[in-house]
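Whenever a hint applies, use it, and build me the whole structure from the sequences.
Per mature numbering (1 follows the signal peptide of the UniProt record, and there is no 0), the sequence shown runs over residues -18 to -1, 1 to 358.
If you are wondering where the hints come from, they were derived from the structure by calculation, not from laboratory data. Even glycine gets a Cβ: it sits at the ideal position worked out from N, Cα and C. Each hint should be verified, as a subset may be incorrect.
To be verified - Calculated pairs, EDC-like style, for lysine to aspartate or glutamate (alpha carbon to alpha carbon, straight line, at most 16 Å):
1. K93 - D9
2. K249 - D231
3. K93 - E16
4. K326 - D259
5. K218 - D153
6. K249 - E128
7. K220 - D259
8. K30 - E16
9. K186 - D153
10. K53 - E16
11. K215 - E239
12. K229 - E128
13. K29 - D9
14. K314 - D259
15. K26 - E16
16. K220 - D231
17. K29 - E39
18. K215 - D153
19. K149 - E176
20. K29 - E16
21. K249 - E239
22. K220 - E128
23. K220 - E239
24. K26 - E103
25. K149 - E185
26. K230 - E128
27. K146 - E103
28. K191 - D153
Claimed, not checked - Listed next, with one range per pair, are the computed distances between beta-carbon atoms:
29. S190 - N350: 38 to 48 Å
30. S281 - S251: 49 to 59 Å
31. L8 - K53: 10 to 20 Å
32. E323 - R198: 52 to 62 Å
33. K314 - S121: 23 to 33 Å
34. L343 - Q175: 22 to 32 Å
35. V172 - S243: 38 to 48 Å
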Amino acid sequence: MRNFICALVLLNMAVCQASVSSANILDITKFGHEQYQDIIVNNKVYKKASAGHNNCELRYSVIRKVLKEFKRPFTLCDLGASQGYYSLKGAYSYPDSIFVMVEGNNIHYRKIGSQLQTICEANSSLDNIILLQRQLILSDLQRLSECEDFDVVLAMNIFHWFGKQWKSYMDAVFNLGQYVIIETPQYTLVSNQEQRTIRKGIEKYIHSKGGKLLARVPRHTSKGATSPVYLVKTNKTKLLREAWFSKKDSSRQRRIESTHSSKKIIKSSALHSNISDSTWLPGINLCTFKAYNGTYPSSEVLLQSLDRLVKEDSFCMPTNILVQGRVLTPIKFANKNVHQEKIKNLLSGFIRSGSPNKVLLNFMKFLNDPNNEHNK
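And the structure:
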């Protein structure tokens, strides 16, 4: 069903959004930066990685062994996605699943997020990719873990960049989802004592979490050097927030039951006896997309998907809308008595807004106002 809807959205977009040429991809090597991964366009290598970084396909084959275990659509989060090679390869291989890339311009690679934006745009035939263009910040990852649950998280060579905070970052990442794939450089490959200590600590911590060695892959730093790739199965079983902007509420339980063949969320409340459970759909909450600086798909694409919801009379709060690549999907419908046109305008403003928190607060006031004639 989602593929059918995506096809309709793509047809509607044909007039107003032309396909972006691969010639428009930002080349970060012109600014003195290494290109860590091959650049993929239309499921083919458009530009090879910088010298030495020539084992992307090998690494993806290791990752795919984990993805093959799923007998249902899944959501993958690619932290520090670089050129997005693993997510894009996965998106072409698993069209019913959603691939979320997190990458932002930072002090070390000032144009890396901007480059990945152009790579996503060049892969316009894909309808199941998302870019959160933001660098990795500890408080963001902690908040993300409270309101989202990813089936697979990629953390490829990122933890040693966080210095003395490496363990806090690892804890936040372990809380993001069900399976975490980690590549980390061996401590024996560096002479700097602080880095040796950090890298040794990272591997030891992975082992303490029951990390399983998947493979050893070549490193670009020196001939014959390798890095271990581990798989960690986490113990995450609940969400602490309904959505990014929601408050923590200990009276409400949001329990996750996940296997390779099925996934559902079970909601209960200490104030009410009813318990509800529903199938978990792949994607991320619209509030997460806005709060985490989601830049792909564009606001224009999401607004076109919103028009489809309007035609189907499927209105709901932004806290109850999933971003599934190019498609917005409601997971809970609003009260049919609310003013439909006003909800549409509020949702449109929320999607367009650079400050969605303020828009959401106004939205909540409208829906919860007992004096609002449309709520009577």
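(request) Give me the numbers of the hints this structure contradicts, sorted from smallest to largest. (result) 4, 10, 15, 27, 30, 31, 34
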